[in-house]
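Chemist: Sequences and hints are given; from them, build the entire structure.
Taking my numbering, the leading residue of the sequence shown gets 1, the next gets one more, and so forth.
Hints in this document: simulated from the structure, not taken from any laboratory.
Each residue gets a CB set at the ideal place from its N, CA and C atoms; glycine is no exception.
Subject to a maximum C-alpha distance of 25 Å in a straight line, what follows is the list of computed SDA-like cross-link-like pairs (lysine to any residue):
1) Lys268 - Glu292
2) Lys57 - Ser71
3) Lys207 - Val82
4) Lys207 - Arg257
5) Lys109 - Leu190
6) Lys57 - Ser324
7) Lys312 - Glu339
8) Lys80 - Glu92
9) Lys57 - Glu103
10) Lys80 - Gly150
11) Lys192 - Glu230
So the derived label-pair ranges between C-beta atoms look like this:
12) Glu164 - Val56: 39 to 45 Å
13) Val56 - Lys207: 44 to 50 Å
14) Pro209 - Lys80: 16 to 22 Å
15) Thr294 - Asn65: 36 to 42 Å
16) Pro177 - Ala63: 32 to 38 Å
17) Lys268 - Thr174: 29 to 35 Å
18) Gly129 - Lys80: 15 to 21 Å
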Amino acid sequence: MKKSRRDFLKIAGATGITTGLAAIGVLGGQKVQAESFTPIGSTPAHGVHAGLTAGVKAPQSQALNVIDPTSFLTNFEQGKFVALENGERVREFNLVSYPSLIEVASGVKFPAWTLNGTVPGPTLRCIEGETVRIRFRNGDAHPHTIHLHGIHPASMDGVFEIVEPGQEYVYEFTAQPFGVFPYHCHVMPLTKHVSKGLYGTLIVDPKTPRQAAKEMVMLMNGFDVDFDGENEFYTVNGIANYYTDYPIQIKVDEPVRIYLVNMTEFDKINSLHLHANMFWYYPNGTILTPTEYTDTVMLCQGQRGILEFSYKYPGRYLFHAHQSEFAELGWTGIIEVTE
1 MKKSRRDFLK IAGATGITTG LAAIGVLGGQ KVQAESFTPI GSTPAHGVHA GLTAGVKAPQ
61 SQALNVIDPT SFLTNFEQGK FVALENGERV REFNLVSYPS LIEVASGVKF PAWTLNGTVP
121 GPTLRCIEGE TVRIRFRNGD AHPHTIHLHG IHPASMDGVF EIVEPGQEYV YEFTAQPFGV
181 FPYHCHVMPL TKHVSKGLYG TLIVDPKTPR QAAKEMVMLM NGFDVDFDGE NEFYTVNGIA
241 NYYTDYPIQI KVDEPVRIYL VNMTEFDKIN SLHLHANMFW YYPNGTILTP TEYTDTVMLC
301 QGQRGILEFS YKYPGRYLFH AHQSEFAELG WTGIIEVTE
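Modeler: Set out below in structure tokens:
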């Protein structure tokens, strides 16, 4: 019998599942049995938020020999510089699409279409005005492209230039404007190619660097593990409730900058709420003056922004989606602040 996302939550209240993701799903004809945890609303263990106590931790990474979400937070791929005959240089990146069975929650596998082996794909970083070259090789059995948000020629937009299996396409453009941008496959049906995992983040830094801070990228997404057009799990950077089991470490008064992107499929909106704190918000990262001082931001798919903040007091602080259902299905984490 087909189980809806609501069914996952009902089972969560009765039996619980690891890291707040209670359910029995069906994937490729195989049942996926969830683990037990303390349901939301019950008395928590000392020092642990109700609903976040897990009998089994989230997996440390999506698969063997790929980057884990803790490292992914601060892993900004700079590419390599290639010298041209005219003396100029190009910042070059390599992206490869290929299928992989990844673990998105404890014991829950998802047959993803990945970029360089993970969902989301790598965070690419350059400086405004640089010439950027992205070599994209399609190692999958399906046609794909790389569509980048920003300003560039039509032939570099990743829409009509379909890259067939085994083929390669080179995207080359001047990075503009500065800001934070998603990139994703744009082959039809878009819903399938995005929901299967073909997306990532491009950060274009302004020529004059921003003030120093502890910088992190957070890409919000969902996983439809039974392919019913409805997400059963929600994550930041690819594994449900990963940052609950492996909290993010920050120092008191340490400046923090988060590059936040929403690539959630099937749901109209996603969000981030910061507990016991406020942040300055820069929509799209394309301006140097914040537009809002808040503790919650709502984004539709493809929207993004920059959050800047620091913590005055030590302790363990939650951050999560402010759609309660998303939080209960994996989009919850902890920031651990120390002296």
